[in-house]
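Protein chains in written order, with this note's numbering: chain E, 7 to 90; chain X, 7 to 90.
The hints are simulated quantities; they were obtained by calculation from the structure and are not laboratory data. Misleading hints may appear alongside valid ones.
Copies of the same chain look alike in the list, so a pair counts if it fits in one copy or across any two.
Below, a list of computed lysine-lysine pairs in the PhoX-like style, where the Cα atoms sit at most 20 Å apart [stated by the list, open to error]:
1) K63 to K84
2) K18 to K47
3) K71 to K84
4) K8 to K18
5) K62 to K19
6) K71 to K31
7) K47 to K8
8) K63 to K19
9) K19 to K30
10) K47 to K84
11) K71 to K18
12) K63 to K8
13) K84 to K10
14) K8 to K27
15) K70 to K10
16) K30 to K47
17) K70 to K19
18) K47 to K19
19) K30 to K10
20) K47 to K10
Protein chains: 2
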Amino acid sequence: MKYKATVVIRLKKGLLNPEGKAIKKALNFLNFDVEDVDSYKMLDIILNAENEEDAKKKVEEMCKKLLANPVIHNYYIKIESLSQ
Amino acid sequence: MKYKATVVIRLKKGLLNPEGKAIKKALNFLNFDVEDVDSYKMLDIILNAENEEDAKKKVEEMCKKLLANPVIHNYYIKIESLSQ
Numbered sequence: 007m008k009y010k011a012t013v014v015i016r017l018k019k020g021l022l023n024p025e026g027k028a029i030k031k032a033l034n035f036l037n038f039d040v041e042d043v044d045s046y047k048m049l050d051i052i053l054n055a056e057n058e059e060d061a062k063k064k065v066e067e068m069c070k071k072l073l074a075n076p077v078i079h080n081y082y083i084k085i086e087s088l089s090q
Numbered sequence: 007m008k009y010k011a012t013v014v015i016r017l018k019k020g021l022l023n024p025e026g027k028a029i030k031k032a033l034n035f036l037n038f039d040v041e042d043v044d045s046y047k048m049l050d051i052i053l054n055a056e057n058e059e060d061a062k063k064k065v066e067e068m069c070k071k072l073l074a075n076p077v078i079h080n081y082y083i084k085i086e087s088l089s090q
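With these hints in hand, go ahead and build the complete structure from the sequences.
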């Protein structure tokens, strides 16, 4: 069965996001009334798995092994079936 | 009024996403049965605007002027009110 996993990887609360801060400054410089900018990353992963639970488990393993740094990142996983 | 804009910035269809390809290769190397990986960027922007329409117009202008490259990127904007 084919699944699409959407993974959100973002910095934990309280950690400085230099990219967001830089974007905020640039927007303020362009006269936009912006109070805060936070940037984060999304991944769409197409994978094969036995069922939805298995897919979620696999993607969680991917996050732990490669995609996210558990010291600084939180991640959220959404699984969607692509098969009929 | 305060609004939160969530902006999705992703490469147009058909354009090569080297980051996604690199992640896919790394996952395959770790024995994950992954068929495709697409990566993209999200921004949460807290801004002041008169109403929802005004907020959307402002964020669209930000995208055009700074956040996205119209030649290679598509962007989607969702506006959410933070005021009561």
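Evaluation of the provided hints:
1. K63 to K84: within (11 Å within a copy, 30 Å between copies)
2. K18 to K47: both (13 Å within a copy, 17 Å between copies)
3. K71 to K84: Only inside one copy: K71 and K84 sit 18 Å apart there, 32 Å across copies, limit 20 Å.
4. K8 to K18: Answer is neither; intra-copy 31 Å and inter-copy 23 Å both fail.
5. K62 to K19: The answer is neither: 24 Å in one copy and 26 Å across copies each exceed 20 Å.
6. K71 to K31: Classified as between: cross-chain Cα gap 14 Å, same-chain 34 Å, threshold 20 Å.
7. K47 to K8: Answer is neither; intra-copy 23 Å and inter-copy 24 Å both fail.
8. K63 to K19: Neither: 25 Å inside a copy, 29 Å across copies.
9. K19 to K30: within (18 Å within a copy, 28 Å between copies)
10. K47 to K84: both (14 Å within a copy, 17 Å between copies)
11. K71 to K18: Classified as within; 18 Å inside a copy, 29 Å across copies.
12. K63 to K8: within (14 Å within a copy, 38 Å between copies)
13. K84 to K10: within (8 Å within a copy, 22 Å between copies)
14. K8 to K27: For K8 and K27, only the inter-copy Cα distance (19 Å) is at most 20 Å; the intra-copy one is 38 Å.
15. K70 to K10: within (18 Å within a copy, 30 Å between copies)
16. K30 to K47: So K30 and K47 pass the 20 Å test inside a copy (17 Å) and across (16 Å) alike.
17. K70 to K19: within (19 Å within a copy, 29 Å between copies)
18. K47 to K19: both (15 Å within a copy, 18 Å between copies)
19. K30 to K10: between (32 Å within a copy, 14 Å between copies)
20. K47 to K10: Answer is both: 16 Å inside a copy and 18 Å across each meet the 20 Å cutoff.
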